[in-house]
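Participant: Put the complex together from the two separate chains, hints included.
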Amino acid sequence: MTLMRYAEALNAALREEMQRDPSVFLFGEDVGRYGGVFKVSKGLRDEFGDARVRDTPISEQALTAMAVTAAMSGTKPVLEIMYADFLPLSLDALINQASVFSYLWEGQVDMPFVLRTQGGGGVGTGAQHAKSLDAMVCHIPGLKVVAPATPADAKGLLKSAIRDRQPVIFLEHKLLYNTRGEVPDGDDVLVPIGKAKVVVEGKHVSIFASSKMVIEAENAAKLLAEDGIEAEVIDLRTLRPLDLDAIRQSIAKTNHAVVVNEGWTFCGYASELSATIMEYCFDDLDAPVARVAMPDMAIPYSEPLEMAVLPNAVKIAAAARKALA
Amino acid sequence: MATPITAGAVAGEYMETLVIVEWRVGVGDTVAEGDVLLTIETAKAAVDVEAPCAGVVSAILAKAESEVPAAAVLCLIGTDLSDVDYDGPKVAEPTAVKTPGTTLVAQPVASFAAPQSPPTASPSGRVIASPAARRLARSAQLDLRMVHASSPSGRIKLRDVTGAMQSAVAGSSGAPVIVPNESGPLKVHRSGAAHGAPIFMIHGFASDAQSWYPLDRQLAKDHPVYRLDLPNHGASPKRPVGDFANLVREVREAFDALDLDGAHVIGHSLGGALALALADTRPRKVASLTLLAPGGLGPRIHGDFIKGIAGASRPESLEAWLKVMVNDARMIDAPFVKAAFAARSQPELRAAQRHMGETLFADGTQSFDLVAALHRLICPTRLVWGRKDKVLDWRDALQAPGHVGLHLLPDVGHVPQLEAPDLCLAIITSLIKSI
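If you're matching them up, the sequences are chains E and Z in order.
The numbering of the first sequence is our numbering, which starts it at 1 and goes up by one.
The numbering of the second sequence is our numbering, which starts it at 1 and goes up by one.
Just chain Z, with the same shape it has in the complex (with noise of 0.2 Å):
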């Protein structure tokens, strides 16, 4: 048993959030009753949250310096660190935990810098792993919190790490298909004028940098356009890529190899979250954003279409996710399933996107929260969303702070740069001629 501990009536009844200023314990600390278990900021004082009972920290929640809920549960206090099993499995429960009328688990609000997938994970509880493990793990990317330690030691090996770097995803023969390794800088394709101010444009999952068109070539004719292969996209090395922070990492590595000053960022649906969270740490490199049905807004995303469109083997099968994507299924026809399944013929790179949906998207969840940097943006910001968007929920819009700009498209689905040409080239143009 576990007790969950909050800030209750520390944080000040008035608050809406609060401050994780410093953690006094660690999992696995054994605390009294009364000790102090983590220094929180509420309005402008620092206060302490004790311990209402003996016991073993089990789980932190809350990473320190992050903004949480005020009634998100803190971490848990359970009697006997047996209960602490760091199997993904089995640390997902503190996440079960309900506390009438709090929130369930801690989400920090800034959660893209402290990612909270996938959210089987305790955040700051550290997982035991053979040193030879971790090194692969990161030069893989590979987040070890997902990965199932087979040892009666409980620690994570080597033959885990590898496991979950090949888990075997079944294609459609049911053979199991390996998940390459690749390691190397992520694509950009350039094109477009030499001079002018710069493009970087930023595919959604699935997808890759040629699915712009005809966006792209309109811009190309003033700006220099950079448009990026997600990695186990497009022309990109395939690898695990572990958690959406270290996605963020490496988009972030591509962009600033480009050095560009002032550079005019757009992203679709997962690269539109990843749009934001460069934005967020490179504002001053960038000039303006625009968010095509981002991700990172809500919780809720189409798990289906995430794993159907990832591993769909067969130009049919492909189709039926495609139309999935557009209000007008028409827009759908033969020759853009061709070219579609042929963007994606290879077993490994759909293997790969696989494991890389399963690894962001687990549980059908968007699990990083980036409402937080939308309202830190800075720079002009523009949030096109189709109303007839079926793979994420366009009112997840609606909490864009004042000083973005909304553009909320009757009769379009989550694609509206197919959809909508026109008119997204329009609200770009127009954004970029603004600054």
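Looking at chain E on its own, in the form it has when it is part of the complex (with noise of 0.2 Å):
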């Protein structure tokens, strides 16, 4: 084990990776010379050279077209959108290129490419660069999602997501970088995809929450704990596909769920994954599901406003007193 910030563990998968397959590259706004805005492929030009770390142009529709294509390709290609607020942009290429080609090819092509992007408020960033749009791209069949809350996870998903054959896109958050968590040493130890963590063990109330909601859950536990409550925090790792054993193993014993994400609540994740507990899990509920998410509106730049609007541990905690009351 070693003790890393999430960045570092992004930069040691990506590290690893590249030296493990030499048809692994990296390219997007900044990631070579300035190592990337959060620091994530620090270092890596100067020793896998400029053309496995490529620097490019601001045109996020351009990347990931070429993330396809460079797939399709026989690469691996790793892409970096800095903001995922931009994802928009990239969409033509996942929605009718990335996700389809495979089927419209009859499986002759593997779509191996990661997107790697980071999203999520709470440092005053506004209403454009502190967005959540995991319903986004998880609303692509076809695509992989995960979205994990802390270094080991971080390392061990992004190294199955560059191993993978289908194009996974990878959620990071802003405020995790600096976050720090043993990871495991080794240079094969892969965390897998479609597998969520129970990270904190309860018989309550369930709390289903990924990234750095996580952590806010695990907060919220602390909080409900005070009451005597005891709350199961799972922590999704993977949004697509869905874990739906360790969500029905959890509401078969907790009989009440809370569901948490940073995005907007209207056609949000959280509202996917109540539909799903509903759907499946219907006969073991004793409260509705409790969705906590971020209200429908713009993100606020005012630094009380932001904190006002985004999801919290207080608001978790109250929501499973509300579905436990």
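Careful, some of the hints might be misleading.
[Stated by the list, open to error] Here are some, though not all, of the chain E residues that point toward chain Z, as calculated from beta-carbon distances under 10 Å: (1) Asn255; (2) Cys281; (3) Asp283; (4) Asp284; (5) Asp286; (6) Pro288; (7) Arg291; (8) Tyr301; (9) Leu305; (10) Leu324; (11) Ala325.
Honestly, the hints are just simulated from the structure, not real lab data.
C-beta atoms are modelled at their ideal positions from N, C-alpha and C, and glycine is treated no differently.
Facilitator: Following this line, the structure appears as structure tokens:
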């Protein structure tokens, strides 16, 4: 085990996979000389050269289409989109190319690329640089979507994503990059895509979260414990495909579900979770599934206002208490 | 405030009963004055009953396709839905609405099919409960209308159902006893001849299949005899029974599983009510019916007896209640008490029976009404009742239609088969031979 920051864990994953497989290469805005705005690709250009770590102009649409064609041509591109807020520019390549080409050509082409991006609020970056568009990419069949919360999962999942034959959208969070955690040593320690993890065990209410919201959920569990409520926190880790077994097992135990996502509430990822739970766990539910998500509004630039609207531990705890009341 | 709705003049003055054809509104619906609430059938015509005022339908008191007295209150229109709380006690209020000169509450005539038990529930008002609570209540055969919602949401939750299932019944020591929730089929004791017309016997409340002695031994000489143990009695599983309709269902399942053709069904007290309901729903399978002091023919029942006999935790207290059952208290001698108490020595059994008694005879009332079923019977039927019965009122027998034979025994209490065994045997065997 090594204590690492989340960004360092991602950097290690990239380095190891580039050493392991010469067809892996990185590209994106400022990923080379600058090492990425969040320093995820720091030092990699020096180590692997500018053919495998490429700085590009600012055009998310062209970059994503490049990733698609590069993946089809036998390489394993890892694309960084600097802000998830600009994922909409990538959508045509994702919806009409990446997610359907394998189907259109009867499986004759693989689509082994990773699109890394980061979203989330909490640092005053305003309405255009703080969004969580998880639902937008999770809506697309043919894509896998992961959103790790810890350095260990960040490393293990990024390695799995790079080795995957399907396109994987890798969602990071700007407030997670400096979080620290123990990361298992070894070049082949993978975290499987599609497996959730129980991070806090409890028997009264299940809280499902991903990415930075896992930390909020863990804090909510501490708040609830003060009232004698034992919350179970499940880190989904992969948003699509969903680990339905883990969800069912937990709800069968607790009979109560709180679903958390930093994205918008309406048609959001929390809504999808809620609907899934209702379909598969209906008879286990002892209260309506509670959604804790971002209100349907632009993210305010004002820091106090931003803090007021983002989902947090207090709101999660309140939702859990209400479900249990 | 709620406005009681009756059929009023549309029912026709000369009609005694009417049939609810269809409800056009549900509980919680907002209606305007003049909206059609329901369609009833009187004489040979279907007639709409309209709302006399605007408001929210807060309770529906008569089920579709049921027959009710013409003057019965059919539903309530409250001005505010907040009047309606799904807590048991508050839903009871509609039953207390009085309209001068009318029947208090529409009790469907064939109410065993649409049970009004407990009387605290609104028959078609949907109970709000969580899916998990519903599932548990279903598996426990617990009537959710019996369950109090503790959540501020007003929704019955799992904890409310488990609480109701465990409804702490204080034993003699005052310690709560848990009502068990066992699964599995009811126990049927088989004895007697290999061939011959089968006899199916259903015992009464707080009794068991052994109580048919010596009648069953006599009948077994010529017949295969099947003696049922009701749930929470004898060797049958102990579990909450829900309402009378559920109990009927359990009995019917046990009866159907035997696949008897032309069974002669004998029931005593609660078992009589069940036998009657069974014959009503399995007319082709029942060859004859003997009802010994049957329940279900009137609201009166000795409520203290039900509580006392089910809960008696000492032989002395059991003895006192056993003596209420019979006319001649000398029959209840020490060996009888000892045997009776031995059969009910388990605290869980007593707790389960007490819970069952509270469920079926809430408020010391028989809320299931089988008079219509008695009138519908097509098989030869004998009604045997002691005129000194202190548990049920023998005068209820007088509601029987002409084709039911009445045997009203002088100087006999609630247990004719114990107090006049030879006569009972003669009545039953002559009935069977007559077919």
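Participant: Is the interface hint for arginine 291 (chain E) satisfied, with its Cβ closer than 10 Å to some Cβ of chain Z?
Facilitator: violated (16 Å)
Participant: Close enough to count: is the Cβ of leucine 305 (chain E) nearer than 10 Å to one in chain Z?
Facilitator: Violated. Min distance 31 Å.
Participant: Tell me if tyrosine 301 (chain E) is really an interface residue toward chain Z, meaning its C-beta lies closer than 10 Å to one of theirs.
Facilitator: violated (37 Å)
Participant: Just to be careful: measuring from the Cβ of leucine 324 (chain E) to every Cβ in chain Z, is the smallest value less than 10 Å?
Facilitator: With a closest approach of 9 Å, the leucine 324 (chain E) hint holds.
Participant: Would you settle whether the hint for aspartate 284 (chain E) is holds or violated, based on the nearest Cβ-Cβ distance to chain Z being less than 10 Å?
Facilitator: holds (6 Å)
Participant: Would you settle whether the hint for asparagine 255 (chain E) is holds or violated, based on the nearest Cβ-Cβ distance to chain Z being less than 10 Å?
Facilitator: holds (5 Å)
Participant: Verify the interface restraint on aspartate 283 (chain E): the C-beta must sit less than 10 Å from at least one C-beta of chain Z.
Facilitator: holds (5 Å)
Participant: Hint proline 288 (chain E) vs chain Z: min CB-CB distance below 10 Å?
Facilitator: Since chain Z brings a Cβ to about 8 Å from proline 288 (chain E), closer than 10 Å, the hint holds.
Participant: Holds or violated: aspartate 286 (chain E) as interface residue toward chain Z, Cβ cutoff 10 Å?
Facilitator: holds (4 Å)
Participant: Less than 10 Å between beta-carbons is the criterion; does alanine 325 (chain E) satisfy it with respect to chain Z?
Facilitator: At 5 Å from the nearest chain Z Cβ, alanine 325 (chain E) passes the 10 Å test, so the hint holds.
Participant: Return the status of the interface hint for cysteine 281 (chain E): holds when the least beta-carbon distance to chain Z is below 10 Å, violated otherwise.
Facilitator: holds (9 Å)
When the structure is compared with the earlier hints, violations turn up for hints 7, 8 and 9 and for no others.
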